[in-house]
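Protein chains in written order, with numbering that gives the first Met the number 0: chain X, 0 to 293; chain F, 0 to 244.
To be clear, the hints were calculated from the coordinates, so they are not data collected in a lab.
Idealized CB from N, CA, C, for every residue including glycine.
A portion of the hints provided could be inaccurate.
[Claimed, not checked] If you want a taste of the chain X side facing chain F, the calculated C-beta under 7 Å gives, among others:
id	residue
1	48
2	49
3	50
4	65
5	71
6	80
7	81
8	82
9	84
10	91
11	95
12	98
13	101
[Claimed, not checked] Okay, the calculated beta carbon distance ranges per label pair:
id	chain 1	residue 1	chain 2	residue 2	range
14	F	171	X	128	29 to 37 Å
15	X	175	F	26	49 to 57 Å
16	X	85	F	243	18 to 26 Å
17	X	26	F	171	41 to 49 Å
18	X	129	F	238	25 to 33 Å
19	X	272	F	12	53 to 61 Å
20	F	135	X	118	56 to 64 Å
21	X	176	F	12	35 to 43 Å
22	F	178	X	158	41 to 49 Å
23	X	244	F	240	56 to 64 Å
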Amino acid sequence: MIEFKGLTKRYGEHRAVDGLSFSAPAGQVTGFVGPNGAGKTTAFRCLLGLAQPTAGAALIDGHRYRDLPRPRRQVGVMLESTGFHPARTGRNHLRVLAWAAGIDSAQIDDLLELVGLRGAADRRVGGYSLGMRQRLGLAGALLGDPPTIVLDEPVNGLDPAGVSWVRRLLRAWASEGRTVVVSSHLLTELAQVADRVVVIRAGRLVAEAEVGSLADSVTVRVDRPDAMAAALQAAGMTYELRADGAIWVPGRDPAEIGHIAAGASVAVTELARSTAGDSLEALFFTATGGADHA
Amino acid sequence: MRELVAAEWLKLRTTRLPYGMVGAAIGLAVAAVAGGVLATARSDTALTSTRGLDQVLSLAGTGALVTLLTGILVAAGEYRHGTATDTFLTAPRRHRVVIAKLAVGAALGLATGLMTATTGLGTAAALFQMEGDTLPLGDGEVWLILAGTLGYATLFAVLGVALGTLIRNQVLAVAVALAWIGIVEHILISLAPAVGRWLPAMAGQAVVRAPIEEMLPPLGGLAVLTTYAVVVGAFGLRAAVSRDV
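Pulled out of the complex, with its shape left as it was, chain X reads as follows (with noise of 0.2 Å):
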């Protein structure tokens, strides 16, 4: 499990990341979200002890991350940040990796097979291409076999079939029962991966939810909302009555919106269903504002 427990980091007067706090619990895949510069990337650093946090803490199964004894065993990460010596080979690559961790560099073959490397092992990281280096940073972090994986935008620069190939991964690490927190701006891409997303902005919390809640919303406008919405309370139905006058719906189909509408007699004038990426980005972007992100 991994916590942020009131995190702030401060350059000067900016914070950065501003009392930030969530969990992400094992077993589940934890989509991190935010417009850029939002602070995912120095969240994840101080998780990371890479920067020293301005105030709280960030909590890896209890622990701060400088306190493990053997951090590639416990804690897989790729980020952005992360580099490659462009004269070094792909395999060499993971070799540093594994001597410095005190890892058996025997898997390293295994690794890169897994990750589609085997081929471009004993080439210069130099000529890799954006996606490649992904996938040699994905290997890294999968060395150790760790049972919390910490990746910031894992799926930049990778082809479509790799995009479903990590969404894949990620699915059968959270199912093992691994810690998976994942970052992203591929909204869509989340919804279909994530079993909780948490968005921030500016530094700050300001969304959290399960997917799965997400998913299938419909969205009905009516000539008499009063009427409907009393309707959909008779019925059982959770909702939500817009100030707009639309009447949002989570986890209903438009079919059964349709059958309650008529029931009470109201005239549907608009019937839309959301899907749950549709759903994460109508959150994302009222909780985050939208406009800096469009």
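We have chain X; now place chain F onto it with these hints.
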């Protein structure tokens, strides 16, 4: 700790840096010694005199300039290429990384020193022959100079790692080192030799017994150079531990 040292060594030999740098150090030492023999042979100083030997063989110590730069690149290069993140994720108690790098830098410096000393010696022997002299291998001065070459190259490599740890911007660190040795020390040694002789490159010159006026004694130079390496290393260590990566 042993794992980190092994990893640093692997890091070093899986890039082209050490090979190029060792080659450059040898080339520099050979050229400097050759130039020294030819110049001394055409001066009033006898090649085989103590002063002649000092004048010629101390030039093999120029390889230390290259080990200084290598040390800087070993340390600051991690920030340039962004590998520092992975390095410190593996070893979040960062002082251990710095110590491993200092150790590997020292080993590389020593190896480079050994190679510049032997190739410098070979060059001198060949050119002495050409000038109709024989390099007096029985003269203790020869071996003291060569031993000094090892110390100079090793300590300068350590100083380079320390400097590259303290100044993470590789270009800036290299510029500072070159400007210091090429300009600042030259000005100080000519304006105020009593001060100038305490500076790192001049202390290094003392270690390899270069015949320059008002130099520190060789062991004094060694002590001064060691002090620089330790002090800059301590500042680098503190910076590496406290700074955000």
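Checking hints one by one. Is residue 48 (chain X) an interface residue toward chain F, by the C-beta closer than 7 Å rule? Status holds, d = 4 Å.
Chain F contact restraint for residue 50 (chain X) - C-beta distance below 7 Å: holds, 4 Å
With 7 Å as the cut and Cβ atoms as the points, is residue 82 (chain X) at the interface with chain F? holds, 2 Å
Should the interface hint for residue 95 (chain X) be scored as holding, given a Cβ-Cβ cut-off of 7 Å against chain F? Status holds, d = 5 Å.
Cut-off 7 Å, beta-carbon criterion: hint that residue 81 (chain X) touches chain F: This hint holds: residue 81 (chain X) lies near chain F, its Cβ roughly 5 Å from the closest one there, short of 7 Å.
Should the interface hint for residue 49 (chain X) be scored as holding, given a Cβ-Cβ cut-off of 7 Å against chain F? holds, 4 Å
Whether the CB-CB distance between residue 175 (chain X) and residue 26 (chain F) falls inside 49 to 57 Å: holds, 55 Å
Minimum Cβ distance from residue 101 (chain X) to chain F below 7 Å? holds, 5 Å
Taking 25 to 33 Å as the stated bounds, is the beta-carbon spacing between residue 129 (chain X) and residue 238 (chain F) within them? Hint holds: Cβ distance 32 Å, inside 25 to 33 Å.
Do the beta carbons of residue 244 (chain X) and residue 240 (chain F) sit within 56 to 64 Å of each other? holds, 59 Å
Interface hint status, residue 98 (chain X) versus chain F (Cβ within 7 Å): holds, 4 Å
Residue 91 (chain X) as chain F interface residue, shortest Cβ-Cβ below 7 Å: Status holds, d = 4 Å.
Checked against the numbered hints listed earlier, the structure breaks none of them; every hint is satisfied.
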